[in-house]
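Novice: Chain residues, written in single-letter form:
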Amino acid sequence: MPIVSPGFTGRRQSPDVQLPPGQYLTEDFPVLTAGPTPRVPTDRWEFTVSTEAGQKHTWSWQQLIELPAEKITTDIHCVTKWSKLRTRWKGVSLDVLLEDVETAADFALVHSYGGYTTNLPLEDLLDGQAWIAYRYDDDDLTPEHGGPARLLVPHLYFWKSAKWVRGIQLLLEDEPGFWETAGYHDYGDPWREQRYQGD
Amino acid sequence: MSDHVDGNALAGDLREIFAVDLTVATGQCAGCGYRGSVATLRVYQNAPGLVARCPHCEEVVLRLVRAPGRAWLDLRGTVSLEIPLSS
Chain E
1 MPIVSPGFTG
11 RRQSPDVQLP
21 PGQYLTEDFP
31 VLTAGPTPRV
41 PTDRWEFTVS
51 TEAGQKHTWS
61 WQQLIELPAE
71 KITTDIHCVT
81 KWSKLRTRWK
91 GVSLDVLLED
101 VETAADFALV
111 HSYGGYTTNL
121 PLEDLLDGQA
131 WIAYRYDDDD
141 LTPEHGGPAR
151 LLVPHLYFWK
161 SAKWVRGIQL
171 LLEDEPGFWE
181 TAGYHDYGDP
191 WREQRYQGD
Chain V
1 MSDHVDGNAL
11 AGDLREIFAV
21 DLTVATGQCA
31 GCGYRGSVAT
41 LRVYQNAPGL
51 VARCPHCEEV
61 VLRLVRAPGR
71 AWLDLRGTVS
81 LEIPLSS
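One line per chain: the protein sequences are E and V, in this order.
Numbered per the UniProt record's numbering, the first sequence spans residues 1 to 199.
Numbered per the UniProt record's numbering, the second sequence spans residues 1 to 87.
Chain E with its partners taken away, still in its complex shape (with noise of 0.2 Å):
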């Protein structure tokens, strides 16, 4: 028999849902915005994926979602402690994305339209763990969540999943991202509580 029930956590939690460290759970989308909200029309929207070697992929959006899309079902969790379950996405897998691409990097650095950029090791973006998605619960991306387009990486906290994305830099090295530069964790794992240098 327990002995805490979960109404003394105060947190609206099932008990049979179980979070990452140091996360609670929400019902709402907050939106997060490092600047202004860029709004890309789609007929102007690219997306480029560069090699080391100087190779560039593009496509544009018409081209995007021509490509075989999935459907995705997933927990995201933010740095600033919320976290949101099975939210559901449309999208095209990295692994698409990257499959004629000829490269010897190990790293990205995902570029995003404003400015923004995130760095991540380019095995967290293969094998059916990264996306472009450009819908949400059944409707296009917004331009709040990051649309027309962002990158998902759901198993990262989610300022590794950029919105706006519009291209990824393959690289051989390792090269820290907006917030990797501020005091952020380089990797982000949710589960071990990455969320700042050193964690």
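Among these hints, one or two may not hold up.
Calculated Cβ distances over 12 Å to all of chain E for the following chain V residues [to be verified]:
1. H4
2. E16
3. W72
4. S80
Here are some of the chain V residues that sit facing chain E, going by a computed Cβ distance under 8 Å [claimed, not checked]:
5. G33
6. Y44
7. A47
8. G49
9. R53
10. V65
Just so you know, these hints were derived from the structure itself, not from any lab.
Keep in mind it's a predicted model, so treat the numbers as computed, not measured.
Don't be surprised by glycine CBs; every beta carbon is placed ideally from N, CA and C.
Given the coordinates of chain E, work out where chain V should sit on it, guided by the hints.
Specialist: Coordinates of chain V only, in the frame set by chain E:
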């Protein structure tokens, strides 16, 4: 509703790091050369840290991240800060 507030939002966090109120200091933007008081910056605070942008060119001039027991201040977007002192 505006997505940012003015630079006075930096006052509390900066006072903890500096002994003077830095929001009255005059900063110069590394992006466009704009000069103005820190209080005139556009601060985005619904974010993992405080991000202060130039009111003229919107480049990032100051970032401040707080963690338990420590803080990071990034001023690479600022050429200089002119800080008034009592003589």
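Novice: Next, verify each hint and record whether it holds.
Specialist: Tested hints:
A cut-off of 12 Å between C-beta atoms contradicts the statement that H4/V is not in contact with chain E; the least separation is 8 Å. Interface exclusion of E16/V from chain E stands, the closest Cβ pair being 15 Å apart, more than 12 Å. Listed as outside the interface, W72/V is inconsistent with that label: its C-beta sits roughly 3 Å from the nearest C-beta of chain E, within the 12 Å cut-off. With a closest Cβ-Cβ approach of about 20 Å to chain E, S80/V is found to remain outside the 12 Å limit, as its non-interface label requires.
Below 8 Å, beta-carbon pairs count as interface contacts, and G33/V has none with chain E, the closest being about 18 Å; its hint is therefore violated. The beta carbon of Y44/V comes within 5 Å of a beta carbon in chain E, closer than 8 Å, and the hint placing it at the interface holds. The criterion of a C-beta within 8 Å of any C-beta in chain E is met by A47/V, whose closest approach is roughly 5 Å, and the hint holds. Hint on G49/V holds. Least Cβ distance to chain E is approximately 6 Å, under the 8 Å limit.
Because the closest C-beta pair between R53/V and chain E is about 6 Å apart, less than 8 Å, the hint holds. With 8 Å as the threshold, the beta carbon of V65/V comes within range of chain E, its nearest partner Cβ sitting at about 4 Å, so the hint holds.
Checked against the numbered hints listed earlier, the structure breaks hints 1, 3, 5; every other hint is satisfied.
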